[in-house]
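Number of protein chains: 2
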Amino acid sequence: MTARSGNLKLIRAIETPLPVYYRLQEALKKKIEDGNWKPGQLIPSERLIAGEHQVSVGTVRKAVLNLVYEGYLYRIQGKGTYVAGTKLRKDSLRYYRMMEALDGGEAELEIRFIGLKEIQGFDPASALLGHPRDRTLYELRRLFLHDGAPLVYCESYLPKGIFRDFDSFPPARFEKSTLYEMIEQTYGLPCIYNHELFGAVAAHGAVAKQLGVNAGSPLLFIEMRSFTYKDRPYEFRRSYCVTGTRRVFAEI
Amino acid sequence: MTARSGNLKLIRAIETPLPVYYRLQEALKKKIEDGNWKPGQLIPSERLIAGEHQVSVGTVRKAVLNLVYEGYLYRIQGKGTYVAGTKLRKDSLRYYRMMEALDGGEAELEIRFIGLKEIQGFDPASALLGHPRDRTLYELRRLFLHDGAPLVYCESYLPKGIFRDFDSFPPARFEKSTLYEMIEQTYGLPCIYNHELFGAVAAHGAVAKQLGVNAGSPLLFIEMRSFTYKDRPYEFRRSYCVTGTRRVFAEI
DNA sequence: CGTAATTTGTACGTATGTATG
DNA sequence: TCATACATACGTACAAATTAC
Numbered sequence: 000m001t002a003r004s005g006n007l008k009l010i011r012a013i014e015t016p017l018p019v020y021y022r023l024q025e026a027l028k029k030k031i032e033d034g035n036w037k038p039g040q041l042i043p044s045e046r047l048i049a050g051e052h053q054v055s056v057g058t059v060r061k062a063v064l065n066l067v068y069e070g071y072l073y074r075i076q077g078k079g080t081y082v083a084g085t086k087l088r089k090d091s092l093r094y095y096r097m098m099e100a101l102d103g104g105e106a107e108l109e110i111r112f113i114g115l116k117e118i119q120g121f122d123p124a125s126a127l128l129g130h131p132r133d134r135t136l137y138e139l140r141r142l143f144l145h146d147g148a149p150l151v152y153c154e155s156y157l158p159k160g161i162f163r164d165f166d167s168f169p170p171a172r173f174e175k176s177t178l179y180e181m182i183e184q185t186y187g188l189p190c191i192y193n194h195e196l197f198g199a200v201a202a203h204g205a206v207a208k209q210l211g212v213n214a215g216s217p218l219l220f221i222e223m224r225s226f227t228y229k230d231r232p233y234e235f236r237r238s239y240c241v242t243g244t245r246r247v248f249a250e251i
Numbered sequence: 000m001t002a003r004s005g006n007l008k009l010i011r012a013i014e015t016p017l018p019v020y021y022r023l024q025e026a027l028k029k030k031i032e033d034g035n036w037k038p039g040q041l042i043p044s045e046r047l048i049a050g051e052h053q054v055s056v057g058t059v060r061k062a063v064l065n066l067v068y069e070g071y072l073y074r075i076q077g078k079g080t081y082v083a084g085t086k087l088r089k090d091s092l093r094y095y096r097m098m099e100a101l102d103g104g105e106a107e108l109e110i111r112f113i114g115l116k117e118i119q120g121f122d123p124a125s126a127l128l129g130h131p132r133d134r135t136l137y138e139l140r141r142l143f144l145h146d147g148a149p150l151v152y153c154e155s156y157l158p159k160g161i162f163r164d165f166d167s168f169p170p171a172r173f174e175k176s177t178l179y180e181m182i183e184q185t186y187g188l189p190c191i192y193n194h195e196l197f198g199a200v201a202a203h204g205a206v207a208k209q210l211g212v213n214a215g216s217p218l219l220f221i222e223m224r225s226f227t228y229k230d231r232p233y234e235f236r237r238s239y240c241v242t243g244t245r246r247v248f249a250e251i
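Residue numbers (numbering that gives the first Met the number 0), protein chains in the order written: chain C, 0 to 251; chain L, 0 to 251.
Keep in mind that the hints were calculated from the coordinates and are not lab data. Just to be clear, a hint being listed does not mean it is correct.
Under the rule of at most 25 Å between Cα atoms (straight-line distance), these lysine to any residue pairs were calculated in the SDA-like manner [said to hold, decoys possible]:
| no. | chain 1 | residue 1 | chain 2 | residue 2 |
| --- | --- | --- | --- | --- |
| 1 | C | K28 | L | A205 |
| 2 | C | K229 | L | A100 |
| 3 | L | K229 | L | A100 |
With the C-beta cut set under 10 Å, the calculated list includes, among others, these residues of chain C facing chain L [said to hold, decoys possible]:
| no. | residue |
| --- | --- |
| 4 | A100 |
| 5 | G103 |
| 6 | G104 |
| 7 | L108 |
| 8 | R111 |
| 9 | L142 |
| 10 | L144 |
| 11 | Y192 |
| 12 | N193 |
| 13 | G215 |
C-beta: ideal position from N, C-alpha, C; glycine also.
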């Protein structure tokens, strides 16, 4: 149903014209993806859209409800239909769900800013972000702590071309909310989905030092790529997690 | 939208009666959860259901489509509506998606049966399965290999009460398909969702030996609980993964 | 191979209920 | 109180896919 999944409808296009509701749905989606309609904004009512596009209200409902299911819109009875922001609610943000056991509780994590600087592009970061290696990247380093003890150390890489003046913000700006939220609020780019690769590595050098563990001790290693509209990657992240008592939770 | 999420509709019940489509939806869901309609089975047509329940076809459509979105049913134009099986298509089965890199390809894994035996219940397995410790469990041990090299070793624990005669199957039965599929086909129990906990551990004893790695080398450790209808857990699994060249992929 | 019957998919319409401001 | 907007529920007609004849 999402952009990355099926293109069943496109196959039909060869034989028969696309359904009215589907063309409308894609037209509305384009408004959002192109930034004409921004997150939080109220869109026109069913009747208005129906009038503008010369279709029935039922057809508008179908198009709009599909976009609600896809996470592009949300509706409130009596008020209207709004553009949705980052799909990833706190529930599905794996990074920040550290648990003691499968039936245990969630730990509150504190974010600590370590550093932010411009660096030259490198692989695999540049390749995974779809940029040539000569484009500058921002490198953001952060630490996540629970009860004062470091649990996760992560390095994020973001294209300077997209995130202009990223280094003009005070460090506190990176410590008060998740990076997802900060980017959505500041640049209007919501996070639509992530790709993640889980592995285990032995702690080494700077990482071991930041996390306060012995070199050689096992760490959970997560490589992540975040995507916004139109399947465009905008962040590459490497995380190292201490998982002695708490571990990273996921629900599928 | 799923059973484990919101109960918004229940709040309304205090003030106003539940919508017709919703009561029908829950009635159809109950048929599936109670096993009256089994995975793969064709359910009655829209018109038939509408006649039986004395509601309009549009109302049946809404109820049925909601259950499609929830993963309980799927529809084929011209054929009918069928009861869906395990939600987890191969795409979302993390365990069997071992990749070289975030933009790399997927590795085909071979399943090898190691052993199956009855054991006495123990915690955390019994607790996580919602059974007292004196109930017998099955312990299934398997190995997943790529190009002959072991990548994943896992131990599954299943209640003997649910999986009667689980040990009467030949080992090959566990090597030809995923455990999800085997259980769905044999016991009619589809997997609806999983909970997983990711961590890193140092290889030790039997696990290190099975995976052919040195003791102390880092392994990805995954604890998993699988749920079927009505949020009932039916499997507890511990997996140890060698993630030197290939790692476990997830999409959110 | 075409035809008919069945089933879902699309598109339209109307009326009424409920929530918001 | 009232207008607005979404939610529910009913209905009809035709298109498209499948299957059996």
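Each hint tested on the structure:
For the hint linking K28/C to A205/L, the alpha-carbon distance of about 53 Å lies beyond 25 Å, and the restraint is violated. Taken as a hint, the K229/C and A100/L pair is honoured in the structure, with Cα atoms around 22 Å apart against an allowance of 25 Å. Using a Cα cut-off of 25 Å, the hinted pair K229/L and A100/L is violated, with the two alpha carbons roughly 37 Å apart. Annotation: A100/C was flagged as interfacial toward chain L, and the flag holds, the nearest CB pair being 7 Å apart, inside 10 Å.
Restraint check, G103/C versus chain L: the minimum CB separation of about 9 Å is within 10 Å; hint holds. Checking G104/C against chain L by beta carbon gives a least distance of about 13 Å; that is not within 10 Å, so the hint is violated. Given the 10 Å rule on beta carbons, the hint for L108/C is violated: about 16 Å separates it from the nearest Cβ of chain L. Below 10 Å, beta-carbon pairs count as interface contacts, and R111/C has none with chain L, the closest being about 22 Å; its hint is therefore violated.
Given the 10 Å rule on beta carbons, the hint for L142/C is violated: about 18 Å separates it from the nearest Cβ of chain L. Because the beta carbon of L144/C sits about 18 Å from the nearest beta carbon in chain L, more than 10 Å, this interface hint is broken. Satisfaction of the interface hint for Y192/C is found here, the shortest Cβ-Cβ separation to chain L being roughly 6 Å, below the 10 Å cut-off. Because the closest C-beta pair between N193/C and chain L is about 5 Å apart, less than 10 Å, the hint holds.
Look at G215/C: its Cβ gets to within about 8 Å of chain L, closer than 10 Å, so that hint holds up.
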